[in-house]
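A.B. asks: Protein chains in written order, with UniProt numbering: chain A, 1 to 470; chain B, 1 to 470.
Simulated from the structure, these hints should not be mistaken for lab results. One should not assume that every hint holds.
All copies of an identical chain are treated as equivalent in the list; a pair is satisfied when it fits inside any one copy or across any two copies.
[Claimed, not checked] Cross-link-like lysine to any residue pairs, in silico, SDA-like; alpha carbons within 25 Å at most: (1) 276 <-> 34; (2) 276 <-> 48; (3) 276 <-> 300; (4) 167 <-> 254; (5) 167 <-> 114; (6) 167 <-> 336; (7) 167 <-> 177; (8) 167 <-> 134; (9) 167 <-> 331; (10) 167 <-> 255; (11) 167 <-> 299.
Number of protein chains: 2
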Amino acid sequence: MATPVQPSTETAAAAFVRDLDAALPAGRVVDDPEVARSLSRDQAAGAPVGRPAAVVRARSTEEVRRVVEICVRHRVPVVARGAGTGLSGGANAIDGCVVLSLAAMSQIVSIDPLERLAVVQPGVVNDDLRAAVAEYGLWYPPDPASSPWSTLGGNVATNAGGLCCVKYGVTREYVLELEVVTGTAEVVRVGRRTAKGAAGYDLVGLLVGSEGTLGIVTEITVRLRTLPSAPITVAGFFPSLVTAGTAVRAIGAAGITPSALELMDRFCLRAVDEWKQMGLTAAGEVLLLARVDDPEPTGSALAEAIVEHFRASGAAWAERSTDAQEADALFSARRLAYPALERLGPVITEDVCVPREHVPEMLARIEALAVEHGVQIANIAHAGDGNLHPLIIGPGGDDADLWLRIEAAFDGILDAALALGGTITGEHGVGLLKRRGLEHELSPAVMGLHRSIKAALDPHAILNPGKIFQ
Amino acid sequence: MATPVQPSTETAAAAFVRDLDAALPAGRVVDDPEVARSLSRDQAAGAPVGRPAAVVRARSTEEVRRVVEICVRHRVPVVARGAGTGLSGGANAIDGCVVLSLAAMSQIVSIDPLERLAVVQPGVVNDDLRAAVAEYGLWYPPDPASSPWSTLGGNVATNAGGLCCVKYGVTREYVLELEVVTGTAEVVRVGRRTAKGAAGYDLVGLLVGSEGTLGIVTEITVRLRTLPSAPITVAGFFPSLVTAGTAVRAIGAAGITPSALELMDRFCLRAVDEWKQMGLTAAGEVLLLARVDDPEPTGSALAEAIVEHFRASGAAWAERSTDAQEADALFSARRLAYPALERLGPVITEDVCVPREHVPEMLARIEALAVEHGVQIANIAHAGDGNLHPLIIGPGGDDADLWLRIEAAFDGILDAALALGGTITGEHGVGLLKRRGLEHELSPAVMGLHRSIKAALDPHAILNPGKIFQ
Chain A
1 MATPVQPSTE TAAAAFVRDL DAALPAGRVV DDPEVARSLS RDQAAGAPVG RPAAVVRARS
61 TEEVRRVVEI CVRHRVPVVA RGAGTGLSGG ANAIDGCVVL SLAAMSQIVS IDPLERLAVV
121 QPGVVNDDLR AAVAEYGLWY PPDPASSPWS TLGGNVATNA GGLCCVKYGV TREYVLELEV
181 VTGTAEVVRV GRRTAKGAAG YDLVGLLVGS EGTLGIVTEI TVRLRTLPSA PITVAGFFPS
241 LVTAGTAVRA IGAAGITPSA LELMDRFCLR AVDEWKQMGL TAAGEVLLLA RVDDPEPTGS
301 ALAEAIVEHF RASGAAWAER STDAQEADAL FSARRLAYPA LERLGPVITE DVCVPREHVP
361 EMLARIEALA VEHGVQIANI AHAGDGNLHP LIIGPGGDDA DLWLRIEAAF DGILDAALAL
421 GGTITGEHGV GLLKRRGLEH ELSPAVMGLH RSIKAALDPH AILNPGKIFQ
Chain B
1 MATPVQPSTE TAAAAFVRDL DAALPAGRVV DDPEVARSLS RDQAAGAPVG RPAAVVRARS
61 TEEVRRVVEI CVRHRVPVVA RGAGTGLSGG ANAIDGCVVL SLAAMSQIVS IDPLERLAVV
121 QPGVVNDDLR AAVAEYGLWY PPDPASSPWS TLGGNVATNA GGLCCVKYGV TREYVLELEV
181 VTGTAEVVRV GRRTAKGAAG YDLVGLLVGS EGTLGIVTEI TVRLRTLPSA PITVAGFFPS
241 LVTAGTAVRA IGAAGITPSA LELMDRFCLR AVDEWKQMGL TAAGEVLLLA RVDDPEPTGS
301 ALAEAIVEHF RASGAAWAER STDAQEADAL FSARRLAYPA LERLGPVITE DVCVPREHVP
361 EMLARIEALA VEHGVQIANI AHAGDGNLHP LIIGPGGDDA DLWLRIEAAF DGILDAALAL
421 GGTITGEHGV GLLKRRGLEH ELSPAVMGLH RSIKAALDPH AILNPGKIFQ
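Bound-form chain A, shown alone:
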């Protein structure tokens, strides 16, 4: 006798999706599995990716609130994301979650030239904001290398840095006010639009860099600066990482604050050369690129001083760039390093930050780790603030043994940074890739404070759970 057919019982996941569909306008829930897949992960190589129950593209704060409300009701995790340019897995889907893309909330709400602030939706692309405010002679400084694609919401979630942070600071220093959907599906405004304020706890600072684990940001008010003077570029080619590190240290000791101080090692120079034939490799082993944007004649004086420090530290060649095109080419080589290396295989991007004085030692330890584990590690660095990006080149195909050695080198770099008084992440955040590193950096008591705050602001544990820490 055949087993009788049971009446179909709706699964919990199906009930959830039905509620989502009912609460949102048509077209918000993504049907195309290819699109859904592409929205389920960020740019972190080697981080696990879960399978979402649904992917939603929100178009308003109210839609975000409804999604969170339904997630609370069904106890479903919600993973907010922007352009997905993150490098630590923070925006990767969790099994059974909603991926909530805010990329379509891309309106610049207002620009106020007198107060020097702008109000944007989270999906506004960093470079789009920069272009819009430049029309008023204003400037939004934080400039992650992903600025042509990354969104302000993602920049806020990760407290993004960039090249000019050595002089102008990171995202947190530019965020005045946030509109946020909380873990209990309330829409709140935190912060203020005045130049100063001391009314209550710094909830803005707490939310910036919290990687979507404490709230979902739906509007951002940022401080702007006046556009600085046209920059002067100084380039120096060095025979070794140590001599370049010495130059970085000398510039710091002299009290000079350039608006960028970038390092590229021979692996990066070679990769760019092989791709774009720029002739960088012929000039030296390590390139340091400095930029100063002080008004003249201070700008020229600082540029000359940097040239002298480069030479005194052992640069084979150091000059102030005399034409803007040449300077742009050098900085574009810096920006091309990452894609150039990606041509060789998946790139696992490290992001440690050490005290400036330990930059030479940290670079030496990275070289030693590459040899020890038999992996290829290229280095680009925001050298001026000790923020190094060792780039570990993964295998083209499957190579389980190489992945294990990469993992060992990755952990070794984190340990070395901590041993030198540094941090496991200067600007990319913890996400999934550095959760273990975070437990090494912070004491159990401080991890406990993190968990207390998370529980306080996300009582239903639905906001990107398991990211940063478990």
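Fit chain B to the given chain A structure using the hints.
C.D. replies: Leaving out everything else, chain B in the frame of chain A:
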């Protein structure tokens, strides 16, 4: 028949003091009732002061930890304090609490010229740190008017501002790392010493400005800057608050960021003149003082531009100060305003901050409120960032009616600031005086977030309870 004598039962308070005495070296618990009384309040006129069960002067982190441990055990509130220069009652004793003075923890632990940072105990006086780092050509910018007396611990607790914040930012922007005794009597370190960092939540930012309600800071690592160029001072006397406000607005619109832009009105000028006979009143109704510290020739160019903006906005007299002595005299007049007004009666210091463009309107509303409530209100202001300090002069003796009118004017000023998109406190914090104002500024949902965080980090509700909010 006589009532039999009962065996004496130790009161809870006595048991608590006995435990304190046993846990601390001799001399830490203050016996002198006069000293205890002086340590039971800050400089806020009109804020309630409770009667502490004990007053302790700690000399080490371990002593602080023990005090908190005993407070946890007995569920006794602990009110940490430095020099007590606060202006909102945040350091005022609560009935039955321990007042915990950190003023004796006054060691500068280290200064690192290369990394440009200093490590200090919380009792280090702001000006002492500034003097110590100046020997290395370095500078700690935040400069509250109380800098000759106020401690770094108090500066951190209130996120103190000051004159140069218009260009260089407030205390929070300079704190890298903190050692903290938590509400569960654990000693933790939060933050980092590197230039950048994104490892976990911004607990440093959360603790700065939390007025002792989330933890007790026992060591502070601050960022330093290179000492700027010798400043140039520009002074302008204006016929009215509105013309002076127009000048402030014009300087902001021109994208000029002076390193100070201070305003004093006729009440302040008169009070200083009556005390020090500086002849200020003869020159005009309102004084604006600007300072620029850019290297030459930029500095001179900006100073000239400011002179022009002063004149174009209606200044009766505006000049760049040609000698340093004259400039110092003008800035000391600014610093003398507060004590000069105190000669007239208790001074209730307001501390609102409004968008720069609304400075003229806010000054006009303050004048109207003074007339409406029949109170005397003088104005000093960090005008460049819209941070106004209306100073309400209280009665010399008892005058219940005047106190009621002062309270009404005080609340009126907060309401006016909020109506103009401002905040109830730019740099003094909430303490006791502005708890009602905070409830007006923040939504119930945001107040709820505050309470959740407080409960998470202070589960026994012993850390300065009832301050900022109840």
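A.B. asks: Give a verdict on every hint.
C.D. replies: Going down the list of hints, with the structure as the test:
no.	hint	in the structure
1	276 <-> 34	neither (32 Å within a copy, 78 Å between copies)
2	276 <-> 48	neither (33 Å within a copy, 71 Å between copies)
3	276 <-> 300	neither (31 Å within a copy, 46 Å between copies)
4	167 <-> 254	both (15 Å within a copy, 22 Å between copies)
5	167 <-> 114	both (23 Å within a copy, 16 Å between copies)
6	167 <-> 336	within (23 Å within a copy, 35 Å between copies)
7	167 <-> 177	both (23 Å within a copy, 20 Å between copies)
8	167 <-> 134	both (19 Å within a copy, 21 Å between copies)
9	167 <-> 331	within (17 Å within a copy, 29 Å between copies)
10	167 <-> 255	both (12 Å within a copy, 19 Å between copies)
11	167 <-> 299	both (14 Å within a copy, 20 Å between copies)
Hints 1, 2, 3 from the earlier list are contradicted by this structure; the remaining hints agree with it.
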